[in-house]
Structures are given as structure tokens and as C-alpha cells.
Amino acid sequence: MFKKFVVMVVLAVLVLGTLAGCGKTAGGETTEGGIPADAALKITGSVNNEIGWAEADVRAMDTIEAQAPNKEGVVSTYTGVSINTLLEKAGVKEGATALVFVADDGYTSEVVLAEVQACADCIVSFREQGGFSTVLPGFSNKAQVKGVVEIQVK
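Okay, so the sequence shown: first residue is 0 according to numbering that gives the first Met the number 0, each after it adds one.
No lab work stands behind these hints, which were simulated from the structure alone.
Only a predicted model underlies this, so the values are computations on that prediction, with no experimental measurement involved.
Beta carbons: idealized from backbone N, C-alpha and C, even for Gly.
It is possible that some hints are incorrect.
Straight-line distance between alpha carbons at most 30 Å, and here's what the computed DSSO-like set of lysine-lysine pairs gives [as the list claims (entries may be wrong)]:
1. 145 / 92
2. 92 / 141
3. 70 / 145
Cβ pair distances, simulated, as ranges [as the list claims (entries may be wrong)]:
4. 73 / 113: 28 to 34 Å
5. 69 / 117: 21 to 27 Å
6. 73 / 48: 36 to 42 Å
7. 139 / 105: 18 to 24 Å
8. 71 / 153: 28 to 34 Å
9. 74 / 128: 18 to 24 Å
10. 90 / 61: 30 to 36 Å
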């Protein structure tokens, strides 16, 4: 009788251990702020809701086109999501004054928040090889960030 009890307890522990892992998918982990750890683009800092999206989710948002010179100086048309739309989803806190764009290689560029908010054509564009870049018509070339993965609001 004791052996049956032990076997039942062991089986129960195994079943519960297996069930505890159900519902989680690979890459389903979140960071401390609740942003998916595998988010392709996130907004953090002085916002009401730190948020992150998979690349497919950003690509599924309403898009606009923006024209700006490329690295050769030729004006090109880019498609992407309005930075202001993304900021609205995160809810910029009162008193915020700057945005820092962070690239996947660690490069950063800081711009004045009010200038971006006044820019209807400032977008996070879709890159052919995947990922995103900032397109900020009228801004310095240093503000254009390839491989942007995070927008920090300060």
C-alpha cells in the first residue's frame, strides 16, 4: 500500500511539473517592465506604459510614407509607422523632453521630443533585411539610426 502511495505522489509531482510549463512558449519570457524579452522594438523611460512589439506587430500597424535623403544623398521614399503613433501608445509623461534612439549595435542618438512631435513624417521605417530604422526628415544625419530596437523617452 505504501509503495502505491509513493508512486502516486511521484506521478502527481511529475504531472504538475509538466503542467506548470504549459502555456509558455519559447521566447514568451518578459522583462521586469512586462515587455516581451524578444520584442523587436520597445519604448521605455518616461512613459505611462513601457511597451514592446514583435516585428510582425509593428509591420501590421497603419503605415505612412516619408521622403528623406539616403546615405548617398538621393531622396528616397520609406514606409513605416509614425513615431508619434508609437509614442501615443506608450503615453509620454508630462515633463519628458528628449528621445534616445538605441540601435542593435549600441549606437544611440538623442533628439528633442517636441521636434519629433511636430514632425508628421518622422517614422520608424521597415528595413528590407528585417528590423527598423528611424527616418527623420529635416533632422541631422546623426539622428537617423539603422537597426533601432528601442526608443527611450527622457
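Now for the hints, and whether the structure bears them out:
The straight-line distance between the Cα atoms of residue 145 and residue 92 is roughly 26 Å, inside the 30 Å bound, and the hint therefore holds. At most 30 Å may separate the alpha-carbon atoms for a hinted pair to count; residue 92 and residue 141 meet this at roughly 26 Å. Restraint check: the Cα-Cα separation between residue 70 and residue 145 comes to about 11 Å, which is no more than 30 Å; the hinted pair holds. The hinted window of 28 to 34 Å between residue 73 and residue 113 holds, with their beta carbons roughly 29 Å apart.
Range check, residue 69 to residue 117: Cβ separation about 23 Å, and the 21 to 27 Å hint holds. The hint said 36 to 42 Å for the Cβ distance between residue 73 and residue 48, and at roughly 38 Å that hint holds. In this structure the supplied range 18 to 24 Å holds for residue 139 paired with residue 105, their Cβ-Cβ distance being about 19 Å. Checking the proposed 28 to 34 Å range against residue 71 and residue 153 shows it holds: the Cβ atoms sit about 32 Å from each other.
Taking 18 to 24 Å as the suggested C-beta distance range, the pair residue 74 and residue 128 conforms, at roughly 21 Å. Taking the beta carbon of each, residue 90 and residue 61 are about 18 Å apart, not inside 30 to 36 Å as hinted.
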